[in-house]
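Asks: Please take these sequences and the hints and turn them into a complete structure.
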Amino acid sequence: MWDYSDKVKDHFFQPRNAGVLADANGVGDVGSISCGDALRLMLKVEPESDIILDAQFQTFGCGSAIASSSALTEMIKGKTLEEALKVSNQDIADYLDGLPPEKMHCSVMGREALQAAVANYRGEVWSDDHEEGALVCKCFAIDAVLIEDTIRANNLCSVQDVTNYTKAGGGCSSCHEGIEDILARVMVERGETYTPGSAPKQEVSPVGLTNLQRIRKIEAVLESVRPQLKRDGGDIELVDVDGKTIYVNMTGACAGCQMEALTLQGIQQKLMEELKEFIKIVPTKVSSLTRAMKG
Amino acid sequence: MNGIYLDNNATTRVDPAVVEAMLPYFTEQFGNPSSMHSFGNKVGLAIKKARMQVQELLGAEYDSEIIFTSCGTESDSTALLSALKAQPERREIITTTVEHPAILTLCTYLEKEGYKVHLLQVDHKGRLDMAEYRQLLSDQVAVVSVMWANNETGTFFPVVEMAELANAVGAMFHTDAVQAVGKVPLNLKDTKIDMLSVSGHKLHAPKGIGVLYLKRGTRFRPMLRGGHQERGRRAGTENSTSIVGLGKAAEMALEAMDYENTEVARLRDKLEAGILAKVPRSFVTGDPDNRLPNTSNIAFEFIEGEAILLLLNKFGIAASSGSACTSGSLEPSHVMRAMGIPYTAAHGTVRFSLSRYSTEAEVDRVIQVVPEIIAQLRKLSPYWDGDGPAAEPEKAFAPVYA
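Order-wise, the sequence lines are chains A and B. Start counting the first sequence at 12; every next residue gets the next number (this note's numbering). Start counting the second sequence at 2; every next residue gets the next number (this note's numbering).
Treat the hints as calculated values from the structure; they're not laboratory data. Nothing here was measured: the structure is a model prediction, and the numbers come from that model. Honestly, I wouldn't trust all of these hints.
Ranges of calculated distance between the beta carbons of each label pair, as one might list FRET restraints [to be verified]: (1) B/Q369 / A/C150: 36 to 44 Å; (2) B/A169 / A/C150: 46 to 54 Å; (3) A/T262 / B/Y110: 53 to 61 Å.
Capping the alpha-carbon separation at 35 Å, the derived lysine-lysine pairs in DSBU-like fashion look like this [as the list claims (entries may be wrong)]: (4) A/K149 / B/K113; (5) B/K113 / A/K287; (6) A/K97 / B/K396; (7) A/K291 / A/K255; (8) A/K149 / B/K271; (9) A/K18 / B/K315; (10) B/K190 / B/K208; (11) A/K18 / B/K190; (12) A/K20 / B/K271; (13) B/K315 / A/K149; (14) B/K396 / A/K55; (15) A/K178 / A/K241; (16) B/K380 / A/K88; (17) B/K113 / B/K193; (18) B/K126 / B/K208; (19) A/K55 / A/K97.
Glycine residues also receive a C-beta, built at the ideal position from the N, C-alpha and C atoms.
Replies: Listed below in structure tokens is the structure:
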């Protein structure tokens, strides 16, 4: 039996806003009948103000799919489309006091139904940008497709690599056999053989970058995120590069901001994609350092 | 009423008489049956008795053909791995697409180890194609493993006949009979079945005890090596308390065999007919003319099984479903898919499995509650419109994959 929160149970047993919305002017149909979850979200939007006057849903799915749909309609009613689109799948899960990792995709479906309905209202065509696979890592809710894609894009060759890039396998470690299976499969595609325990490829992946080229690439990445940081009143500067560790200094509003760890994680991910190697980004202030690494 | 339990294919309650038989073996008769003193000796005698009780239920020729294990899965793994080890020149396995994961997952693993696994397909009623089976049999086949009855639909497989055919090409035959033992009269001594798996908790014995039946003369390689327990075929100190419990449960199952096949079957039929009469767009899956007396698997179209179970649970009714969501996988039950049940129905399958403790009043209550629940969920379904499915349901709602 799933460990559903009382809020999930409440929204399942007494779904809000269920049924057909007769005068809807934005409809989003998403989901997959093969997976057993499908959702139709109907919106009534006031054209002058873009405010969602009413929202209703119909769902073919499990308890958490119905609860996520119900929660979503409650969350977006009265919001403008712009405000509503800021609702993330994590917001939906939080609204329900959390969902089991196997069920996080129900909240993703809610978020996608919203995007589809808004696109439909605006006369645009919405297309799904990700495919979902079987859940591999239950600790961090990472599925097989994401792991496969990440291995392929970054030429990964060890479980440790996969954990570094996706977090999968970084918790209880029971899914390591599953990750090894995926590694073996994907590595065959590129003509390699998976060997357990093989260390991440050391100096091969930077594709022969000189130190100067590496630093230029790093600076280019930092440059690309700078406008975003500046918008929030902060900035970032490169302090030093020591092998796989990149030291940065967060300044302005970014320094000590609660989101600092999260921001650094995002930048780290970008740097890894750009440099095609595993790197660690470390803020130079000790207090923020511990926070970032915990994140 | 303390809840209505119709999930007996998942597990059963331990019969109070079984608990009573077990209790002295926790505190009074706690000895190790291998010990020389009288503490151990009495336990040894109790295990001997239990072995004979199980022998009788299975219709085995010798009591030494009964090997106690920890569960059905251990019996299954032991059987298949032994057959492969004992006949290294044979590299093929035949099984079915609708086996329990205890067999299927093991076979997927063995495939990676280099064995060739043949999966027999089933038709829309879950029946095997015997011609296909005959064709696959050869002197390359080490073992055939086919369940006696399917756990989801209750459908029987012709294992006795299949064992004869396997025997004719020198292949071993194993059957996972965890659902059948205790519900179907067995007479293994008159069959060519080499190995058979039993799970105690499916027949009112406790969890954590199983049996591997091993026909005398069948070549065997143990999975657990160590002490001399179970004649060296399954090392490890005996779970004496549970073995005693399983013995008692086997004796009681034999006594209740007629009741299971008459009264339990009657209640099952009443439940099924009652639901089908009141719920439109619902149908029985599997082969209703050839199945376990206690099992009914009904597909409710256009709604999802986990949602049904959650609402049933609110009324104190316990059943199970073949939907993807109940297992956390992305596909509905492999058994339903193998029978070609469409997704819109496969996700909405509910298995009701009765026991000899099920009552008429319980069945009446379920017949009363189920139609309301189905109607309530269909109101939420984008495939449903008023009193029936939306016109051309697959077209009325064709979501973008997400």
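Asks: Within 53 to 61 Å: is that where the Cβ-Cβ distance between A/T262 and B/Y110 falls?
Replies: Between A/T262 and B/Y110, where Cβ atoms are some 54 Å apart, the hint holds.
Asks: Assess, step by step, whether the Cα of A/K178 is no farther than 35 Å from the Cα of A/K241, and give holds or violated.
Replies: Satisfied, since the Cα-Cα distance of roughly 28 Å is no more than 35 Å.
Asks: When you check the alpha-carbon spacing of B/K113 and A/K287, does it fall within 35 Å?
Replies: Holds. B/K113 to A/K287 sits at ~31 Å (cutoff 35 Å).
Asks: For the pair we were handed, A/K149 and B/K113, check the Cα-Cα distance against 35 Å.
Replies: Satisfied, since the Cα-Cα distance of roughly 24 Å is no more than 35 Å.
Asks: With the threshold set at 35 Å, check whether the alpha-carbon distance from B/K113 to B/K193 stays at or below it.
Replies: holds, 30 Å
Asks: Take the C-alpha atoms of B/K380 and A/K88, compute the straight-line distance between them, and say whether it is at most 35 Å.
Replies: Between B/K380 and A/K88 the Cα gap is close to 22 Å, so the pair holds against 35 Å.
Asks: At the C-beta level, are B/Q369 and A/C150 separated by a distance inside 36 to 44 Å?
Replies: With a Cβ separation near 43 Å, B/Q369 and A/C150 satisfy 36 to 44 Å, so the hint holds.
Asks: Are the Cα atoms of A/K291 and A/K255 separated by 35 Å or less?
Replies: holds, 6 Å
Asks: Just to be careful, I want the Cα atoms of B/K126 and B/K208 compared with a cutoff of 35 Å; is the pair within it?
Replies: Distance of about 31 Å is within 35 Å: holds.
Asks: Can you confirm whether the C-alpha distance between B/K396 and A/K55 stays at or below 35 Å?
Replies: holds, 23 Å
Asks: Does the alpha-carbon distance linking A/K18 and B/K315 stay inside the 35 Å limit?
Replies: holds, 16 Å
Asks: A/K20 and B/K271 were given as a pair; does the straight-line alpha-carbon distance stay at or below 35 Å?
Replies: Satisfied, since the Cα-Cα distance of roughly 32 Å is no more than 35 Å.
Taken one by one, the earlier hints fail for this structure at numbers 8 and 11, listed in ascending order.
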